[in-house]
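Trainee: Just need the whole structure built from these sequences, with the hints factored in.
Here the protein sequences line up with chains A and B, keeping their order. Quick note, the first sequence lines up with residues 1 to 204 if you use the numbering used here. Quick note, the second sequence lines up with residues 1 to 82 if you use the numbering used here.
Hints listed in this document are in silico derivations from the structure and should not be mistaken for laboratory results. Hints may be right or wrong, so weigh each one.
Reference listing, derived: stretches of chain A covered by chain B, where coverage requires no fewer than 3 residues with Cβ under 8 Å from a Cβ of chain B [unchecked claim]: (1) 9-20; (2) 63-70; (3) 182-191.
Calculated from the model, a selection of chain B residues having no Cβ within reach of chain A, i.e. all distances over 12 Å [as the list claims (entries may be wrong)]: (4) 65; (5) 66; (6) 69.
Since we're looking at a predicted model, the values are computed, not measured. Heads up, the beta-carbon is just placed ideally off N, CA and C, and yes, glycines get one too.
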Amino acid sequence: MDISNRTLMWLLILAIAISLWGTMTSLSKLQRLSITGAVSANGTAQLYINTSLGIIFAVDTVDWGSGYVNQSAADWCLLNTTGGKTSGCAEFNTVTQGLVIENTGNAVFSSVQLRSEKNATEFLGEDCSAVFQWKISENETGSCGTLHDTSWTDVNTSDPGTTICENFQFANDQDSLLVDLQINFTYQIPTGSKTTQLVVTGTQ
Amino acid sequence: MAEKRDVSRATIVVLVILAVLISLISTWIVLVEVNQLSNAKTGKASATVKLNIQPAPEKPEPASATGNVVLNIKPRRELQNA
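Mentor: Below, the structure is given as structure tokens:
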């Protein structure tokens with residue numbers, strides 16, 4: 001059966017119209033996922049609240065300052081964020097506050113992953129005794145369903161990192177985790193400025 | 001009765017190109033919107049850990065000084081003669 005060009009033209013116009021209608025419908029349905037309100041005939045108010053996800057480091061820096069290994073006292077130095085500073089650590093700051101992760105959204109994170117950009121050697125330098133560890137706890141009781149790495153554990157550099165908490169809550173007084181850090185090195189550590197970043201990822 | 005004039009092939013080609021373009025652009029817009037929603041399902045933040053390791057200060061050289069101790073032991077005989 002031969003189809004005339006005129007028939008083809010109408011079919012194409014129909015195809016274009018269907019394509020445009022499909023796009024408009026899809027976009028309209030997607031937009032309804034944002035916060036909207038509607039009142040039906042019987043007076044019932046309906047409110048759709050969009051899920052807001054947010055995770056931050058409320059305390060985002062640990063700085064042990066500047067110092068050296070005082071071999072007169074010990075050949076090694078251990079620093080942590082719970083106030084730990086051994087006799088071999090000369091002139092470093094005493095740090096009593098670890099990093100604090102906070103859920104700033106209105107949804108529970110089913111899992112929270114933490115990773116470090118550098119391991120102990122990459123962070124501190126070539127020293128066979130170099131140690132870089134973290135320890136996770138609740139900063140506010142009831143913030144986390146299941147905690148992991150609750151004792152000193154070597155940091156993980158693989159992406160997306162170690163799951164440190166399952167079911168991270170969002171209520172104002174139950175929405176923060178504490179990440180304590182600990183490093184250890186000897187007098188053989190290369191001198192200079194050392195910096196690394198920790199990245200936290202929350203998944204709904 | 002005059003036969004209806006058919007639409008030209010050029011018009012059909014233009015419409016086909018238009019249909020394909022609209023379809024592609026529409027798909028792209030919807031995918032971008034869906035992607036934005038997918039990205040909203042995770043949150044990310046970062047923190048910094050730092051310290052600066054200085055060279056240990058040089059140990060000062062031990063202070064030193066010299067002193068002389070002198071004595072002269074005379075032979076016993078001389079002592080007796082004296």
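Trainee: Each hint should be assessed against the structure and marked as holding or not.
Mentor: Each hint tested on the structure:
no.	hint	result
1	9-20	holds (count 7)
2	63-70	holds (count 8)
3	182-191	holds (count 6)
4	65	holds (24 Å)
5	66	holds (28 Å)
6	69	holds (34 Å)
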